[in-house]
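Please arrange chains L, C, U, S and E on chain A, whose structure you already have, making use of the hints.
So the chains spell out like this:
Protein chains: 6
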Amino acid sequence: MAALGIAMATVLTPVFSDAQLFTLTKEQMVSYTAQNPFERFADGRPKVPDALIERARGLSAEEVFAVLPGQGFRNQYADGFRVLHPEKKLVGRAFTVQFMPLRPDLDEVVNANAKAAGIPRMYNQVAIDMLQPGDVLVVDLFGQKDGGTIVGDNLFYYLMKGAKAAGLVVDGAVRDLDGISEMEMPAYFRAVHPSYLTNVIITGINVPIHIGNATVMPGDLVLGDSEGVYFIPPALVQQVVDNADVVHIHDEWTRKKFDEGKYKSAEIYGSPKDPELKKEYEEYLKKRLEEIRKKNPQ
Amino acid sequence: MAALGIAMATVLTPVFSDAQLFTLTKEQMVSYTAQNPFERFADGRPKVPDALIERARGLSAEEVFAVLPGQGFRNQYADGFRVLHPEKKLVGRAFTVQFMPLRPDLDEVVNANAKAAGIPRMYNQVAIDMLQPGDVLVVDLFGQKDGGTIVGDNLFYYLMKGAKAAGLVVDGAVRDLDGISEMEMPAYFRAVHPSYLTNVIITGINVPIHIGNATVMPGDLVLGDSEGVYFIPPALVQQVVDNADVVHIHDEWTRKKFDEGKYKSAEIYGSPKDPELKKEYEEYLKKRLEEIRKKNPQ
Amino acid sequence: MAALGIAMATVLTPVFSDAQLFTLTKEQMVSYTAQNPFERFADGRPKVPDALIERARGLSAEEVFAVLPGQGFRNQYADGFRVLHPEKKLVGRAFTVQFMPLRPDLDEVVNANAKAAGIPRMYNQVAIDMLQPGDVLVVDLFGQKDGGTIVGDNLFYYLMKGAKAAGLVVDGAVRDLDGISEMEMPAYFRAVHPSYLTNVIITGINVPIHIGNATVMPGDLVLGDSEGVYFIPPALVQQVVDNADVVHIHDEWTRKKFDEGKYKSAEIYGSPKDPELKKEYEEYLKKRLEEIRKKNPQ
Amino acid sequence: MAALGIAMATVLTPVFSDAQLFTLTKEQMVSYTAQNPFERFADGRPKVPDALIERARGLSAEEVFAVLPGQGFRNQYADGFRVLHPEKKLVGRAFTVQFMPLRPDLDEVVNANAKAAGIPRMYNQVAIDMLQPGDVLVVDLFGQKDGGTIVGDNLFYYLMKGAKAAGLVVDGAVRDLDGISEMEMPAYFRAVHPSYLTNVIITGINVPIHIGNATVMPGDLVLGDSEGVYFIPPALVQQVVDNADVVHIHDEWTRKKFDEGKYKSAEIYGSPKDPELKKEYEEYLKKRLEEIRKKNPQ
Amino acid sequence: MAALGIAMATVLTPVFSDAQLFTLTKEQMVSYTAQNPFERFADGRPKVPDALIERARGLSAEEVFAVLPGQGFRNQYADGFRVLHPEKKLVGRAFTVQFMPLRPDLDEVVNANAKAAGIPRMYNQVAIDMLQPGDVLVVDLFGQKDGGTIVGDNLFYYLMKGAKAAGLVVDGAVRDLDGISEMEMPAYFRAVHPSYLTNVIITGINVPIHIGNATVMPGDLVLGDSEGVYFIPPALVQQVVDNADVVHIHDEWTRKKFDEGKYKSAEIYGSPKDPELKKEYEEYLKKRLEEIRKKNPQ
Amino acid sequence: MAALGIAMATVLTPVFSDAQLFTLTKEQMVSYTAQNPFERFADGRPKVPDALIERARGLSAEEVFAVLPGQGFRNQYADGFRVLHPEKKLVGRAFTVQFMPLRPDLDEVVNANAKAAGIPRMYNQVAIDMLQPGDVLVVDLFGQKDGGTIVGDNLFYYLMKGAKAAGLVVDGAVRDLDGISEMEMPAYFRAVHPSYLTNVIITGINVPIHIGNATVMPGDLVLGDSEGVYFIPPALVQQVVDNADVVHIHDEWTRKKFDEGKYKSAEIYGSPKDPELKKEYEEYLKKRLEEIRKKNPQ
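Residue numbers (our numbering), protein chains in the order written: chain A, 1 to 298; chain L, 1 to 298; chain C, 1 to 298; chain U, 1 to 298; chain S, 1 to 298; chain E, 1 to 298.
The following block holds chain A by itself, in its conformation from the complex (with noise of 0.2 Å):
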C-alpha cells in the first residue's frame, strides 16, 4: 500500500505544480517550513522523528504551552471540539486538508485538473490516500456540521487500518458515531450529523490552514489531549519534550512535599520558598534528569 501511496503521490504533483491552489510544490513546502530541523517526506513536507513522537505521548497540553508562547507562538492550540476518547492522547503528523463551500464553476476545474490527472473527481478519498503512516489529518471544514462530515465509520475504519493514521481533527463533523466510538483510533470534532460530505469543495492539500484561532502547517506535530489539540512547530518539539520532563519531576517533588504534610502550599509551589528546600528541589530534579536521560538518550 505504501508503494501504491507514493505512486498516487507522484501522479498527483504534476497537476498540482500547474494548479498551486490546491498544494505546495517541495520547493514552496521546504521554503515554507524552512526552520524544520528533521528529515522530509518526499514532497518536502517535515517529518518529526518516530522516537520524537512517542515521547511527546506523554505530553500534556499544560506542558507544550510552558514552551511555545514564550517562542512566540501564540496561536498553535484548538479547543471546542467533541473529544472521541478523552482518555487517550492523540500524537502524529499534519496532514492538512482545506475545504470551501462548494461553487459549481471551481469545482469544475478543480475536476478537470483531477482528472488530468487520472483522478476521475477530487474529494475526500484523494487526501486519505495520499496520508503516510503515522499522520494525522487535520481538516478545514469551517465548521460545517449537515454536510460537513468528513468520514464515517467506514472511511474511519480506513484511516485507522489502512492508511495506519494516528488520528483525525476536523473543524467539522463525522458520522456513524456509534460505529466510530468502537474503533480506538483519537478523533476531534465539533459535531456529528447522518448526512455525508455534501456541498463543500477540497481547495487544498497540505496547504496552511486554521483551526479555530491556530494556524497548522503540513508536518506540525499534532498533540491532543482530553482538552484540545496543540499544533507544535517542528523546531519547538525537541524543547517542548524536554522541558517537559523538568515539568514532570517539579510536579513529582512537589506533591512528595505535599504527602509530608508540614508545608503550605505557597511555600512549595511554584517553587520552594526556603532556600535549604530550593537546593534539595534542584539536587531532586538534577539526580531525576540524568535518570531519565540515561533511559531515553536523543
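Since the hints were made in silico from the structure, they are not lab data. Beta carbons are placed, not taken as given, at the ideal position from N, Cα and C, and that holds for glycine. Please note: incorrect hints may appear among the correct ones.
Simulated pairs of lysine-lysine, DSBU-like, Cα-Cα distance not exceeding 35 Å [stated by the list, open to error]:
no. : chain 1 : residue 1 : chain 2 : residue 2
1   : A       : 161       : L       : 279
2   : C       : 256       : E       : 89
3   : E       : 164       : C       : 88
4   : C       : 26        : C       : 88
5   : S       : 47        : E       : 256
6   : C       : 294       : C       : 256
7   : S       : 164       : S       : 88
8   : L       : 89        : L       : 294
9   : U       : 287       : L       : 161
10  : A       : 88        : A       : 26
11  : U       : 89        : A       : 256
12  : E       : 262       : E       : 279
13  : C       : 89        : E       : 164
14  : C       : 88        : E       : 145
15  : E       : 286       : S       : 164
16  : E       : 145       : C       : 145
17  : C       : 47        : C       : 164
18  : L       : 262       : A       : 47
19  : E       : 287       : E       : 88
20  : U       : 161       : A       : 278
21  : S       : 294       : C       : 161
22  : S       : 294       : S       : 164
23  : S       : 164       : E       : 287
24  : E       : 161       : C       : 295
25  : S       : 115       : E       : 279
26  : C       : 161       : S       : 262
27  : C       : 262       : E       : 47
28  : S       : 278       : S       : 294
29  : L       : 161       : U       : 295
30  : A       : 47        : A       : 26
31  : A       : 115       : L       : 279
32  : S       : 26        : S       : 161
Here are a few chain U residues that sit away from chain L, every Cβ distance over 10 Å (derived from the structure) [claimed, not checked]:
no. : residue
33  : 40
34  : 114
35  : 146
Frame of chain A; chains L, C, U, S and E shown alone:
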C-alpha cells in the same frame, strides 16, 4: 392497568371531540396518517408492528438518512440533546404532547373540560397515563428549562415500569438526573433543572408537533442513537429497515477488503471501482441478503 | 374585497370543521376565549373595539407589565425581534398562523383538504387573504430563517394596503428588507433572508400559538413598541388602558416635582414620602383623571 | 499544618481590617451571617456541623429546591458547569474568593498591603492556604477561560491532600484536566485551558460573591450533584435535610406502589388520590421516619 | 497614483510566482475563472464592465437569489454583518485577502519574500495599495474581533478617496467607528474594536476565500444591501441583472393591481390566477421590458 | 439639593464604616486610588477636573487604546452594549454600584443597617441620590435582564435633570425605552425589559466593580463612544488627552496627504516612509500642537 388505560381513553374521547384543541378524533388521526400501512390503536394512531420495531433496533441515524431525504422527508431528524444512555438505542412509537406557556384564561377552559370528563386537572400525568407499552413520550416544551421538567425520577420510573414506555424525547428538561441515570430507559432532553413542571399548559395530546426542526406525527417510529433522534413515518419503516441490511452488508464487505491491506480507500469505497471487485461485491451482497432474509423472514 | 373575504371565510369553515387540525370551530373559539367581554367576528374571534385600540396606541410595554403579571398573565411578552420601525407603535388584533417543518405525508392531506374547499394549495396567502382590517398577522415559524420568510415586499404591501392589516409579528423571517423598510406598517421579525417561504407547512390558522415565551390567542390585542411585543387578552384591555392613564399622570407629576429641583429622587418616586406631598399628588391625580375621562368618555 | 493555618489567619486579620476590600472583620462576618444557628470558625464564618454535612451527602438538588424557594431563597442554585465526577456528591462549607480583571494601580495597593502583612504577593495560594478541612473553594473568576485557571493538578492535589478541602466550584477554569481527572475530589468549572492564572487580581476572600445567578456567603453549605450546585444558608440546612427524609420515604412508597402494577401514575403521584391509599401512605411515612430518626438521632 | 499601482503590481508578481501561497499566477487566475465572459485586469482577474456594475446598483439580495441557486450556486450569500450604511448599496468587483492567526515561522518566510520584492513588510496596506478603482476589499479575518481590525478611519479614508474602492466586506472587525461612520463608503463587518490589526498574517491576496458560508473568487461582483452580501460569479451577472428587470416589472404590476383594491393577494401573486389577468400581465411585462431595454441598451 | 445631598452623605458614612461591605471609608478610598493626581470629593473619590473632562469629549476609544495597554492597563474597556445615542459621547466620573442576586438573610442585614442610618430601605434610589453632578452611574447588575432594570424613564429623567449625571453604564437592563430615547443623556445597557428592578440587592456603593472584562474604580473617567466604554484611571487622563492631540494632528496630516492623490497608503501611513515627508510631518505636528496648546492651556 391496560384495562384502565383503555377506560380512561374512552372517558377522554368525548371531551376532546368537543374540544378539538387537544387531540384528534379517530377520523382525523386516520386522515392525517393515511399512508400508514399497518394496524392502528383504538384512537387511530398507527401501530408499527413489534417485529419491525425489533429489527429497527439495529438502525443508526445514518441508515435512516440513507432513505428519508430521498423520499422528500428532510425534516425528521432532531439533535442537540443530552442523551441519558448514549450506548443504548431508543426505539418505539411516538406519543406526542404539546405544551405552551401558561395562560390563566386558556388554563381555565382546559381544566373545566378536563373536569367535565372526570379528570381533576389537565397535567403531565394525564398524558403519561394514556401511553401504550412500547410508546416513546415525545414532548414539545418549547425548550423550557426552569419549570419545563416533564418528569423526575418517580415518573420516569413509572414510565419505564408502569407504562412500559420505550423512552422519552423532550424539547425541554427533566429533573432528578442522579436518580434517572440509574434507570435503563433511554431519554433525550435539552436540559436538567431541579424545579418541577410549572408555568406551562398542555395544548395537545397526540397532535402533530415539532421537536427542533423535525415534525412528529403520533405513531411515527422514533429512533434514537448517540447522535440524535429520527422520527420515521410508518410508511417508510420497512424500506429503511430493508435498506439497512444492504448497508450492513456493504460495511462488512468494505472492511473485509480494507483488512486485506491491498487497496486504497478510493478503490473500494463508496463502491468498488474495479469491475471484478464490483462483481465480487454484488455476489457477496446477494448471498448475505439471502442469509439475512432467511433468518429474518417478513 | 371585504365581501370576498367573508365569502372565502364561509367557504373555509366547512373544510376546517372536518379537519380540526387547522382552525377552531366557532364554538371552540368562543369557548377558548370565553372571558372576552367584547363583540366577536363571524368566526367567533374576539373583536376588541376600535375605540380601545385607539387608546392603546399610547401604551408602552411597561404599562402593560403594570397589570398583566399581577393578574396571573406572566407569559404574554416576547422580545428579541428586529423591529422595522422602532419609533412606531404596533396596535391591532391577533390573527394567528402556525407553521411546522414540511412533511410530505401531512402536506398531502392538508392540500387535499384545501382543494376540496376550492383552495388550490394551502400556503401563506390563504391566511393573508383571511385577515380583517386592523388585524396583526402573528406567525409561528419556529424561528426559521432560511426558507422561513413569511412575506417579501409585495405581500407586505398587500398586507398594508389590501388587507389593511395593522402589522406583522413573526417568529421567523421576512425578505426584501430594503423594499419593506420604505413602507409604514410596523413589523417584528427574528431575521431577514433572501430566500422565499419554503420547506414548511401551515398547521393552524387562528389557533393558540406561542411566540417565544408568550402564548397568543386569536383576538388578543397586540401591542408592540421599541422593546418588544405584548399580547393582551381582551378581558384585560380596559384595565390596562385605564391604569395607563394613572401611570401617565404619575409620570407628569413626578417630573414636575423633579423639575422644581427641591427633592431627592427617593422623596418623590415611587410615591411621595411626605404626607403633604402625597396629598398633593392624590389631588393632582384625581383632577387629571377627571380631565382625561371627560375628554375620553367610554 | 492546622496550627500554621490559624497563625496565618491571625496575621492576615489586622491587614484586612485596615483594608476592608478583601475580607470581613469577625464582627462583620457575624453580622452578615446572623441567622447562622451553628458554631463559627475563629474568623466568624459559620461552621455547619460535621454530622449535618454527613447527612447532606444523601441530598439531591431537587431536595434542596423543595425547601429553599419556599423560604424566599430563589437564587441559591448555579448550573452550566463541567462536572469532574458527576457520580460523586460535593458537600462542604463555602470558602469564597472573588477575582476581578487585573488593574495595575489596584494590584499595587493590594500587594503593598499583603507585603505589610508578611505575604510576598496576593495570589491564589494565599486563599488556598487559608482553607479549613471540609471547605469548598468557591471562586468568582467572572467566567474567564484563558488566564482564568484557578488551579492545575499540583494545587488540586494540595487542595485535596494538604488542605483536606471538600471540593472546588469556580466560575472560571482549571488546567491539567488529565491530571485532575485522576483525583477523587469533586470539582465544578466552566472551562479548561492550558494557560496559568494571569491578568486577574484577588479582590475579596470570604466576602459575599455570586456564581452565576446564586449569591454565596462564606459558610454556606455547598451541595453539588450531577446537575449543578446549591449554596444552602446554614439556617436552612437542618430543614432541608429533615425534609429530604420525607422525600426519600415518599419515593420509596411511590415506587413500591408502581411496582404493584395496579395503579396509573395519577392515582399515586404526587400524593395518593384514594383516601385509603392516602392513609396507608401516611402510616408508612410515620413508621419509616421513626426508623430513620432512631438510626440517625440529632 | 494609477501608474504607481501598476508599477507595484509588476514588482509583486515575480515574488508571488515564486511563493504561490499568496496569490495566483495570471494563468491560474484565468484557469480558475474560466467562465468569465468579460475583459480581465492585467493580473487575469475578471473585470465586470462598469455599465453592468451601474445596472447592478438597482439589485436586491432577493433578485440575486432568484437566479443563483437555480444555477447551482447555493453558497454565494453571507449575512450577519454590521452594515455601516444600510440605506446604501454596495456594488463592485471582489479583491480578496486571506489572513490566518500569526505564526512566527511562517511570518518570517512571508516577510523575507516580501523584502526580496522591495516591500519592507507584508501587511494590510500592501493589499490595499493593489486595489483598482471600483474594487471591493473582501477580507477573511476568520471572525477575529480583538486584533482583527482591517482598517481604521485613516485607511478607510484612503480606501475611499485614494484607492477609489467601492466598499469593504470583512469577516473580522474595523476600528474608529465614529470616524468611519461619517464617510460614505459602504462597509460590512462583524465587529468593532479599538485595537489595531495584530497577531495575524496575510496568507493570500486574490485567492479563493470564504466569507461565512460563501466562497468568493477574485473578480466576483459584490452586491451588498441592508440584509447581507452576495458574491456573484461574473458569468451570471448579465442574467441576474436582466432577470431583475422582470422582477421589477412584476412588482410594479402586482402593486398596481393591489392598489385597485379588487383582488385578494392569492389572485394576483405569485402570478395572476385568472387567464385574462395573466394575459394583461404578460402584455404589460413585454411593453415595459421594451421601454427598459430602449433606455438601457446593452 | 446639593445641601441635602451632602447631608445625606454625612448620614450614610457612619453606617458604612460599621458595615464595610457596602462602601469604602475615606481612608480606604484614598488608599485604593493612591495614584490619583487630582482633587477628591468629600468621600475621597478622585475628582478629575472639569477642564480635562471637557477635553476628553473629543476622545475616541482608539485614542484611549493608544495609551492604556502600553501602561499595563489592558482591562479597562467594555463593549457589547446597546448604545442609546451612538452619536453622543459619554464623558464623566465613575460612581459605581454593585448588585447581587437577592438573598433574604443578607437583605435583612443590609436593610437593618440602612434603617439605623435613617434610610427606610436600601435600593437603587439611595445610590442615585448620592450622585454628584458630572457623575456617570456605573452599575454591575451581572447582566440581568428580567428584573435587572436599573432605571425607567422617571429615574432616568431624575438622573439627567435632578442629579445632573453625565450618563449611565449598566451591565444589566433599563425599562421605558421609548421614554428614555427622547432624553439626551448617553446610556449604555445590555438589554431592555418592561419589568421593574427586583430580585436583587445592593452589595456595594463606590467599591471596585467589573463591567464585563473591565475593572472600574470610583472616580475613573468614563468615556463612551459608539463602540463601547473605556474606564480611564485618573492618573492616565492627562496623558490620554495629550496624546489624542497628536493623534488628531496625525490624522489631519495623513488625510491631507491622501487628498493630494500622489501617494499610496503605505507611503504615508502609519508614518511617512520618505525622510522628506517625515520631516514635513514633524514640522506640521509641532506647529499644530503649539496652536492647540495655546488655545487650550493647561
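For the pair supplied as a hint, residue 26/C and residue 88/C, confirm whether the alpha-carbon distance does not exceed 35 Å.
34 Å, holds
Are residue 287/E and residue 88/E close enough, with their CA atoms no more than 35 Å apart?
30 Å, holds
Assess, step by step, whether the Cα of residue 161/C is no farther than 35 Å from the Cα of residue 262/S, and give holds or violated.
12 Å, holds
Please work out if residue 89/C and residue 164/E have their alpha carbons no farther apart than 35 Å.
31 Å, holds
So if I understand the rule, the pair passes when the alpha-carbon distance is 35 Å or less; does residue 286/E with residue 164/S pass?
This hinted pair holds, its Cα atoms lying about 31 Å apart.
Verify the proposed pairing of residue 88/C with residue 145/E, using a straight-line Cα cut of 35 Å.
23 Å, holds
When you check the alpha-carbon spacing of residue 88/A and residue 26/A, does it fall within 35 Å?
Answer holds: residue 88/A to residue 26/A is near 34 Å, not above 35 Å.
Going straight from one Cα to the other, do residue 294/S and residue 164/S come out at no more than 35 Å?
31 Å, holds
Minimum Cβ-Cβ distance from residue 146/U to chain L exceeds 10 Å:
Label holds. Min Cβ-Cβ 26 Å, cutoff 10 Å.
What's the verdict on residue 47/C and residue 164/C, does the C-alpha distance respect the 35 Å limit or exceed it?
16 Å, holds
Given hint residue 294/L paired with residue 89/L - CA-CA distance at most 35 Å
Measuring from Cα to Cα gives roughly 25 Å; hence the hint holds.
Starting from residue 262/E, check that the Cα of residue 279/E is at most 35 Å away, please.
17 Å, holds
Violated hints for the displayed structure: none, as all numbered hints are satisfied.
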